[in-house]
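Visitor: The primary structure of each chain is shown beneath.
2 protein chains.
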Amino acid sequence: MAYQIKSKIWIESNGKILLGEGRVQLLKAIKETGSLSKAAKKLKMSYKKAWGLIDAVNSIAEKEVVIKNIGGKSGGGTVLTEYGNSLIVTFEKINESCWKHLDKEIKKSKLG
Amino acid sequence: MAYQIKSKIWIESNGKILLGEGRVQLLKAIKETGSLSKAAKKLKMSYKKAWGLIDAVNSIAEKEVVIKNIGGKSGGGTVLTEYGNSLIVTFEKINESCWKHLDKEIKKSKLG
Chain L
1 MAYQIKSKIW
11 IESNGKILLG
21 EGRVQLLKAI
31 KETGSLSKAA
41 KKLKMSYKKA
51 WGLIDAVNSI
61 AEKEVVIKNI
71 GGKSGGGTVL
81 TEYGNSLIVT
91 FEKINESCWK
101 HLDKEIKKSK
111 LG
Chain A
1 MAYQIKSKIW
11 IESNGKILLG
21 EGRVQLLKAI
31 KETGSLSKAA
41 KKLKMSYKKA
51 WGLIDAVNSI
61 AEKEVVIKNI
71 GGKSGGGTVL
81 TEYGNSLIVT
91 FEKINESCWK
101 HLDKEIKKSK
111 LG
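For the protein sequence lines, the chains are L and A, in the order given. Take 1 as the starting number for the first sequence in the working numbering and just add one per residue. Take 1 as the starting number for the second sequence in the working numbering and just add one per residue.
Read the hints as simulated data drawn from the structure, not as lab findings. Wrong hints could be hidden among the right ones.
If chains are identical, the list can't say which one is meant, so a pair holds when it fits in one copy or spans any two.
The list that follows gives simulated cross-link-like pairs (lysine to aspartate or glutamate, DMTMM-like), each with its CA atoms no further than 25 angstroms apart [unchecked claim]:
1) Lys93 with Glu12
2) Lys48 with Glu32
3) Lys100 with Glu62
4) Lys42 with Asp103
5) Lys107 with Glu82
6) Lys8 with Glu105
7) Lys49 with Glu32
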């Protein structure tokens, strides 16, 4: 087949972007590293930008997505909540299901 | 439901964008007006940009999408081919089917 169909999805709440591919990557990196600064570094993003994104996600989501532990014995760290994890799992599941649906649709169409 | 899911689709051929929402709007305006300059004006786009987009679409598509009649008794004009029309019909059909699929998926999910 000569044509491919591509897609991008994102989740909004009251017209504000809650989650798109970039934010999901950031949340996954936080889950992996347990640290906002390490997550930002991993994605070659400034700490300030990562902080801003996380603040936006936390304020738009219905429940807390990320908990920032500032300082403390362990030197702080950033934790993805169970709710945050369910958001990224759902996002990726729906994204994959979207790709499959579109592949099926284009094969069914005159362009397939 | 607090969350909405949004999407954007586009069609590629060999890694090059053939059609996205903007190009589809331009092709529809050409169909409606029979003129590239009127179509560009309708979409508040420069003639040069519209011409560039149409050139790209024609060179990437498997068959001719738009025919530019330069000059002539009727003063030229631009015509969407039958193939071009089938492309926009298919694009819009798949786009709508994608939205429906995503709505269903988010309702089914933990976020719905």
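Visitor: Compare the structure with each hint and give your call.
Guide: Right, here's what the structure says about each hint:
Taking the shortest alpha-carbon separations for Lys93 and Glu12, both the intra-copy value of 17 angstroms and the inter-copy value of 23 angstroms come in at or below 25 angstroms. For the homomeric pair Lys48 and Glu32, the shortest alpha-carbon distance inside one copy (19 angstroms) is at most 25 angstroms, but the shortest distance between copies (48 angstroms) is not. In the homo-oligomer, the alpha carbons of Lys100 and Glu62 lie at most 25 angstroms apart only across protomers (24 angstroms), although the nearest pairing inside one protomer, at 29 angstroms, exceeds that limit. For a Cα distance limit of 25 angstroms, the shortest separation of Lys42 from Asp103 qualifies neither inside one copy, at 32 angstroms, nor across copies, at 33 angstroms.
For a Cα distance limit of 25 angstroms, the shortest separation of Lys107 from Glu82 across copies, 20 angstroms, qualifies, whereas the shortest one inside one copy, 38 angstroms, does not. For the identical chains of this complex, Lys8 and Glu105 are neighbours both inside a copy (16 angstroms) and across copies (15 angstroms), given an alpha-carbon limit of 25 angstroms. For a Cα distance limit of 25 angstroms, the shortest separation of Lys49 from Glu32 inside one copy, 19 angstroms, qualifies, whereas the shortest one across copies, 44 angstroms, does not.
The structure fails hint 4 only (numbered hints given earlier).
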